[in-house]
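S.K.: Order-wise, the sequence lines are chains A, Z, W and V.
All residue numbers in the first sequence are consecutive under the UniProt record's numbering, ending with 388.
All residue numbers in the second sequence are consecutive under the UniProt record's numbering, ending with 388.
All residue numbers in the third sequence are consecutive under the UniProt record's numbering, ending with 388.
All residue numbers in the fourth sequence are consecutive under the UniProt record's numbering, ending with 388.
It is possible that some hints are incorrect.
The list treats identical chains as one, so a pair stands whether inside a single copy or across any two.
[To be verified] 30 Å max Cα-Cα, derived BS3-like pairs, lysine-lysine:
1) K31 - K322
2) K70 - K8
3) K70 - K116
4) K102 - K31
5) K31 - K70
6) K236 - K322
7) K102 - K322
8) K322 - K116
Derived by calculation from the structure, the hints in this document are not laboratory data.
Protein chains: 4
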Amino acid sequence: MTDLAAVKRALTAQRIETPSWAYANSGTRFKVFAQPGVPRTPEEKIADAATVHRFTGVAPVVALHIPWDKVDDYAALGSYARDLGVEIGAINTNVFQDDDYKLGSVTNPDAGIRRKATDHLLEAIDIMGQTGSRDLKLWFSDGINYPGQDDLRDRQDRLAAALREAYDRLTGNQRMLLEYKLFEPAFYATDVPDWGTSYAHCLELGERATVCIDTGHHAPSTNIEFIVAFLLRQQKLGAFDFNSRFYADDDLMVGAADPFQLFRIMYEIVRGGALDPAYGIAFMLDQCHNIERKIPAIIRSVMNVQEATAKALLVDRDALTKAQQSGDVLEANAVFMDAYNTDVRPLLAEVRADAGLDPNPITAYRASGYDEKITADRVGGTQAGWGA
Amino acid sequence: MTDLAAVKRALTAQRIETPSWAYANSGTRFKVFAQPGVPRTPEEKIADAATVHRFTGVAPVVALHIPWDKVDDYAALGSYARDLGVEIGAINTNVFQDDDYKLGSVTNPDAGIRRKATDHLLEAIDIMGQTGSRDLKLWFSDGINYPGQDDLRDRQDRLAAALREAYDRLTGNQRMLLEYKLFEPAFYATDVPDWGTSYAHCLELGERATVCIDTGHHAPSTNIEFIVAFLLRQQKLGAFDFNSRFYADDDLMVGAADPFQLFRIMYEIVRGGALDPAYGIAFMLDQCHNIERKIPAIIRSVMNVQEATAKALLVDRDALTKAQQSGDVLEANAVFMDAYNTDVRPLLAEVRADAGLDPNPITAYRASGYDEKITADRVGGTQAGWGA
Amino acid sequence: MTDLAAVKRALTAQRIETPSWAYANSGTRFKVFAQPGVPRTPEEKIADAATVHRFTGVAPVVALHIPWDKVDDYAALGSYARDLGVEIGAINTNVFQDDDYKLGSVTNPDAGIRRKATDHLLEAIDIMGQTGSRDLKLWFSDGINYPGQDDLRDRQDRLAAALREAYDRLTGNQRMLLEYKLFEPAFYATDVPDWGTSYAHCLELGERATVCIDTGHHAPSTNIEFIVAFLLRQQKLGAFDFNSRFYADDDLMVGAADPFQLFRIMYEIVRGGALDPAYGIAFMLDQCHNIERKIPAIIRSVMNVQEATAKALLVDRDALTKAQQSGDVLEANAVFMDAYNTDVRPLLAEVRADAGLDPNPITAYRASGYDEKITADRVGGTQAGWGA
Amino acid sequence: MTDLAAVKRALTAQRIETPSWAYANSGTRFKVFAQPGVPRTPEEKIADAATVHRFTGVAPVVALHIPWDKVDDYAALGSYARDLGVEIGAINTNVFQDDDYKLGSVTNPDAGIRRKATDHLLEAIDIMGQTGSRDLKLWFSDGINYPGQDDLRDRQDRLAAALREAYDRLTGNQRMLLEYKLFEPAFYATDVPDWGTSYAHCLELGERATVCIDTGHHAPSTNIEFIVAFLLRQQKLGAFDFNSRFYADDDLMVGAADPFQLFRIMYEIVRGGALDPAYGIAFMLDQCHNIERKIPAIIRSVMNVQEATAKALLVDRDALTKAQQSGDVLEANAVFMDAYNTDVRPLLAEVRADAGLDPNPITAYRASGYDEKITADRVGGTQAGWGA
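Sequences and hints are given; from them, build the entire structure.
M.R.: Written out as structure tokens, the structure reads:
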């Protein structure tokens, strides 16, 4: 039988990290639809993140993106965040928006550009020191658009050299998270296209380096929960970038496209004992709210992760194991689906009430007046987006 | 046996339409890398298109995009083009970049926005009258990002109404081309996602409405040449937007990702008797040269289409039919591959020489000084891109 | 607000058709794992189908497959079925297992083989007359494995001719259902690969011809509910073959791979007013229970369809329309998801109890002794499979 | 400039391994179309393989499949092969066709079944000792069809244990090749689904264990040449199973679906210095000739690999590197495409003539009378297929 108290404890302890850039404007190559009230500064992004935490209780960390969140005084930014009840999480690097990076950053055939890109990684580690961040998150858009454009293998050598240099700079409890992505913006070959590539590099780097799974970065039909289970077994899963997709890297709200998949992913997390924040996995969101209102979309996303987690925790593990061991395919599947088919919203409402929160974060946010306030206040200046 | 003289005549008569916007800056949602020498005006785009035609001899038409190519005097723009040796081709509409279109244009739940979008279509038809264009090309980014966001079927009704209104405005030899696309920028459901949807609407509209196939707009594994063959049989294929892709709508140079597929497509065109300009199919390019130099990339793309066409023309149709009729799978495939495996570059060099062109358009372009000239001349002003 | 009584009525009236061959052995090209107790005759298959109906109350129809279910006296078979409480549903044709069909059946380059295949279709219509079946279900494996192997367009002409001949033979309330499939067993081009092809042929044939959607027969990323909505709008949706898949035509239990997708499909059915049996859509299962026990797997599948239907019926249509019309993306999605996140198992238990059934069909089946009985009784003879 | 003599030497030295089972009957789950003249014994399969070698000169190795090629005296079988001019290559294991393996072989929850499966691996190693084979090729169909059916991670532990036991039994120059496959016959999760999983296991096993890439076993859009380049860099690429596909594991003739992809793969082989047999990569075919004549299909496949290899060897590496280093995207791609667009059939005809072979192996085979002979001789007995 499921221990409901333990389930509630686990749900109460859950921590989800939201990304500063999700509060800013985003779009597709066709159009960025600006929204009123969007933050203009890193501080305003953090304020929005703190608001999400205020209504959900499980989002106490906000990830930054450099240079989009560049400030003069990171220590002050950290204090500002703590005063609002959140802390600075992963530092995300950006080596894809400078003109120099047209043909690659750390894998560019030009040694000078590689130097510049690698220096940016080192700078991000310095910032980590100032913000107290644990995680350096690396995503490289590096790749090529045409067969023959560059040498696939040389680019791996260059990548390995840059990763090594950054890795060796890490100190204390600092870690490196290496994200992979099948394609976009590179359209023929991406230098870190899949989990195997990221895993192989992390293994060579050492134990501080682990893989970051972005749930929207796979080929069609990829079984993501298998990757989760496998990397947990290898002790090389470090983080998630949660979002959902129907096609490619759509960056929709997590759980919106395939809630059953999210449940299966969270089940592997629970089964692997990796839900506990002490295990060290960073559960981040990485989404684009192109057409929907951003803050409630992020609140909704946090709730979707909570619901999938609650269902995963409700799986009757003893019954499941018994059915699996006896080879009863239908019964094992039924036990698994019983948890998924449970309506966990009342349970989560209880968890929130127990924590002194409104049981319905969306309603509460809407009633709070925050949305109206930022719309009224944030007038003038330049809205934040992917470019700044 | 293949009639080589007939092959040469067909290659000489071939017409490929290049798009004005491919000469402008383009990129991904992550970054637009601007290039030196990029046009700042519709006239400069047309000059570039004329340059491509000057070196290839088979690209005498340039498609416009409204409002990106908006001018006060379209008749004057047409004269300008003709003076440079090219004519204005399809008029492409844009109902995806105005803030009003965040939730759709002609399928928007808001009637006022639908009216505005439909009026833009009518405006484009007016422009066609002024430029003498035959083709109204319609691509709708319309769709929704989340299940439940809007009613799928109501949106079809709205779409049909707008198409009908535009269709009824067509006069003379004017036609409507309806493009489809699986996804992007809509990430859950697109209102014209596949050829079947476009075909069904075109059929209801009437004989002036035909389907436009963009070779990058399909689900993985889609057999595009089947669609070509099928639409030709139904007399509903009106145009191509050529480009190539490895993943999604990558918009790489046509023939760069899968030259064998391009050959198979062109074979169905040849087999269907549809290569001749008199048949009425518009063979357009629609590509993004994000990292490579634009004009030579377009020249290369034109050459890739020519090479695929030449191979298609070289298929020994009698031998093929004989093998097919006798059920000799290997022989039929071998006949087909014999044409594909032929190196047609010498043949095309001859065709060009016969037409008074340099047999190697790329080398000739590079030697012409045009690239250096536009780089030096086009300084200041605002470079054209997808936004203007 | 949702009218619960109406929801229950709709669920009570629902009809799902199970296929005779799903009770027989099936497998992959690598291995067919035979199961004890599998039927050896059409009668035993019908007895199993009747058992599924006995425990679910919504599966009163069983589809046959000719020649797998060939008998001397179809009228007697129909009586046998009726005595067990079920009726004969669609007659499925088989023009893919005779050696003659190696290169195609109705699209074969050999006219004699086309004649033989078309005659089989006519034979099936004769059988329909004897069984009182309304639906002729056509799936053609026809296609080619290699580019050039046969002429894509000629094959369409041959297909159209065979369909026409069969269509013209239909009388009374008889209908033709034309199924499509992306690939397998043809691996380069399939003659009816997508809904557009099936739709175009059905449109030309006439109003008795409609499209059958097999939920496992699409390219990756295809939005199936869009096709449902579109075909309903065109009044050309005739049937489903339900199953589920993670990769290709996996033929798993419907609802097992993506229950949210099944819900979205059933929502379009409900929204289109097409759930009512009077509308005329045949909701069939078409699955392979390769490793799981067959009868309970089919019961489970029926229940999965019921649950998706119940959720679809629970969508608050007024609230949804209001949110959609006002452009509130998040609220519209939330209304939609509220229905999906509801645990409808208690509601369905009530519906069953009201109908005098055990609220848990799986438990009831397991307790019934039927499984033990068929295992003990069906010894000797030749188990039915795809070949017989 | 390309050294043509070196190219010819490389082409002459090339070795391709053909699989015994490709000479036998094969099909899809829908139908196996038997062909006249198909081998009935391992000896007859080897005779066919020797025939392919006789006409191509580059296929001197034949892979066996146990138990399909089970004989009493493997040493005698080896002598028989050598007398015909070929040698025994990889020993392929089969732990997917026994009824016990319905829920898995080495990953089965049942320890007894795991023991049986592991013993089969050890038996295969014994056979290697008798045939003098270097390579143990392992493909596991193991996986699950339904979420929850079994524990993903436990199955990895079981897999690792079986691999370890087999690995430790290897002696001399014996190696283990671990193949991966995305899906089929498992339809939800496969235990070795991708190169990353195979790589991770091989790395833990030791240097005798390397990855086998089957070109048809990937998710759509996977960049296979990237995997080739990456594994070569990691010194973990051991073998290929060549075939081609448009959709899933179609097992068509290699080079038939995407000859440009095959060229790109072979380019990475050449660039990595791995074409030379001394490097140790086994270049095997693994195909199903379901509808085409088998021996000429295999000859054609060998020729397709040769053509892709010849083109890869013709890439002007100096010019390519220069263009890559200077960031000239179009020129680098053009250099690459120049090699691909070359018609290498005359070159290969020369290579064959130099080796005393007919320049056209297909024509020569057809003229040889072998096909007529086996059709006449191989009457009676049981044709070999996947089951025997």
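S.K.: Could you check the structure against the hints above and give me the numbers of any it violates, in ascending order?
M.R.: The structure conflicts with hint 2 only, although it agrees with all the remaining ones.
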